[in-house]
Amino acid sequence: MALVGHFALILTFLAALYGAGAAAYGALRHRPALVESGRHAMVLTWPLITVSAACIIGLLVTGAYQVEYVANVTSQAMPIYLRVTALWGGQSGSLVFWSWLMAAFATAASLRRWDRDRELLPWVVVVTMVTLAFFVSLVLFFENPFRSLWQTIDGAQLSAIFQPAGTLPLVPSDGRGLNPLLRHPGMIIHPPMLYLGFVSFVIPFAFAVAALVVGRSDDRWIRVTRRWTLVAWLFLSLGLILGGRWAYDVLGWGGYWGWDPVEIAAFMPWLTGTAFLHSVMIQEKRGMLKRWNMVLIILTYALVIFGTFLTRSGVLSSVHAFAQSAIGPMFFAFIGVTTVASLSLLLHRWPDLRSENQLGSLLSRESLFLLNNLLFMGILIICFWGVLFPLISELFTGQKVTVGPPFYERATGPLWGGLLLLMGVAPLSAYGRTSARLLGIALWKPLALSLLVPIGLLATGMDSLAAILGYWLAVLVALVTVHEFWRGARARHRTRGESLFVALGRMAGRNRRRYGGYIIHLGVVLMAFGIIGIELFQTETQGSLARGEQLTLGRYVMVYDGVTQWDTADGRNVTRAVVSIYRDGKALGALYPRRDFYYESQQPMTIPGVRSSLEDDFYVILVNWEPIGNQSATFKVYHNPLVNFVWFGGIVFIFGTLLAAWPEREPEPEPRRAQARAPAIAGA
Amino acid sequence: MAGLHTNSHPEPLLLHEAKLRGWSGGAGGGDEVSEGVRGFRPPPLQENPSPLSGDGRWGKRDAWRRRGGQGGEGGTRGAGLLALVTVGLMLAFSTGRASAQEPTPSDDEVNAIARELYCPVCENVPLDVCPTQACAQWRATIREKLVLGWTEPQIQDYFVAQYGDRVLAAPPPRGLNWLVYLLPPVALVAAGLLLWQTMRRWRRAAEQAPIPAAPLEADPYVRRLEEELKRRG
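The listed protein sequences correspond, in order, to chains A and B. The numbering of the first sequence is my numbering, which starts it at 1 and goes up by one. The numbering of the second sequence is my numbering, which starts it at 1001 and goes up by one.
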């Protein structure tokens, strides 16, 4: 099976190379037959790599431990579903999974739009197939999951596809098992979500490059890929939120986001993607920012590749790890070459991508979207620099430094505040010409109403300036957004006599992007409530308790009842404490914080006991225990105010994105506008 | 090792062995080995190993008192358990574990300092929540220093001297490290200026050659749509 998978992979690689070559040559020489052949090769890559991925899954499920990858990520004790998902449990498997998604998406993109965008598609084939060929080549030449283990006569172990001379097959009786941290349901879904988001972003990039190559200066590439972009963004957001939830449930440090380089690597394409989603609206509506949108999508692609590389390899932790890694330099070469190539294309087309419109006003929607982009770029710079700086420091001074959460929180905090302010103001500003007076008229009522929040908070004695500002801005956004819904629904209610409820539904259904976007904004507001709550008002305490003793934190009292320990069938040793929780003297029930120790990987996992309510979470971690004698145990407890708003907000956020990305039932008005404008551009 | 804690009736010898192994494993096994290893101990001395076999008493505040008063199970077994407890306590003290109920300084005081420190092994995990053995030792070091009356800056300086700047949550502002603080604001201001310049240029161009109406607004359909959108807000 390993050999079948290996050969399927080789064929995928060849098909991808041929597809890219044939499509490029056919497009340059105007040979439709060659382009068509290239497309066929592209469509072929998907079944081929599916065979390869299926072989890996087959090996994983049957426990073929002579295969190195299988031995590294699975073990006898693992259930079937974990063995299947172990496909993305290690680096080489996840590269295959990435490539599989790439092939599938490339095929899907070509099947849908082949007839309508004949001139763009050869180059879409080229870009997607070059990307696919790169990832498959990494798998083939550096990180091959089909390598088997062999043992030489003198006992040395090595791994190779084919049996090297003078060796015997080495078949371990059991594998090492998947990293226990990756066995949580959240972690099973989280990586595929991120990868779906990453790979979907390649499609808009491919269309952008195609538009640059053929010299189309209109927004066709944006319209064709709008849904791809939204879907990419949806999965990326979902991946990030699930990752946060996983960290909160499993990592046992009372938080959901630690500004870890791996987290930031997944976050950076989201930042540029979000900026892109906003600024393409300006290009669609006003024919402006064409160059900037190209820059953003090129940047997003580079960050997607960078993120894929960083999330799995961890080689950026030090210069030495990077130098020793075989695929690190490959990744950087690929990112460098693709970025330079696409930027040169952009420069080549620079004069063609002039703005069709001028800036009407500094307070227009366009200007505010530009400010939004500026803030997102600011956050991106901070994140990128924070990830990179430890390496630079190590390179030049030999001194390793840590750039930890305090740096990111302090640096990005004001920018997030600025984004909230823009979210409050921008929906009220008009495209084109608008004046401060008009904006002021629209804004003053929600602004005045929102001012009740800081006044109220000050009255309750809150002394955190950041929290007061944050909550004020969040409430302003909520008021403005809800008011937008109300205005639209009332207008329909008056003009068409629909009930307000029906009007609201129809209005959102007809303008999905607009109102989906507003729902996303409301999701962000909810998340902001939660984030400010836990970041600024989290409290914690730690103590060693004998059985029956108690620990007090704020209004909560925790009584330690006992600890038990047992072995499970799947190779864990579980130590579980029982604690009773009381709030204001009222019993709330028991919690079971525990520590699982995985024998095969010799790794512990700390699973907190959490008592959740809308208001707050009481989060208990078992730090240490003394099963003999008085059975004393050490607990760390956190009080996390409002943290559940982060998750509710996340759900609202995803719902809004789904609404915005959902296919329209009625024909959209916008393509007609695009057609109406196209001759105007051609004539200009 | 698995055999060490599969039975539910530990014998003193076994306990001793587990304890020692647990410790030696923790000390010698490097940083991968965590506190969890110290959990390699026989199951607790409870008649009923599952606290879940609930009769509702867990929710009651005084339940623990009743159980606390139960003591041994009676008979020779109770005596054995008592011996076990004694051995356990002795071991606990002999290995220097803080088994006192209220250590001075408190865990919270230690954590307040540990929160600002990062161990060189576990990337980006603050010391107060890091579950590894190495970090537990670091926390013990912090406690020792606090007992000696050291202040937080003194303890931080001590760790920096021992392990380098990387133990700090953010690079100390000196030398090359200034770059980490200066580059983002400088880049942001530069980008802001660039944007301002561009917007002013666009604005001037718009004033000099006022475009009567954007081409798209010439389209009656779009005009209607925009109006409708405007009406709807």
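Wrong hints could be hidden among the right ones.
Stated by the list, open to error - Facing chain B, a subset of chain A residues (Cβ under 7 angstroms, in silico):
no., residue
1, Gln358
2, Leu395
3, Gly398
4, Gln399
5, Phe407
6, Tyr408
Unchecked claim - Some but not every residue of chain B turned toward chain A, in silico, with C-beta under 7 angstroms:
no., residue
7, Asn1111
8, Tyr1118
9, Pro1171
10, Leu1182
11, Leu1188
12, Ala1190
13, Ala1191
14, Leu1195
Hints were generated in silico from the structure; no laboratory data involved. Quick reminder that beta carbons are idealized off the backbone N, C-alpha and C, glycines included.
Indices of hints not satisfied (ascending): Those not satisfied are hints 2, 3, 6, 10 and 12.
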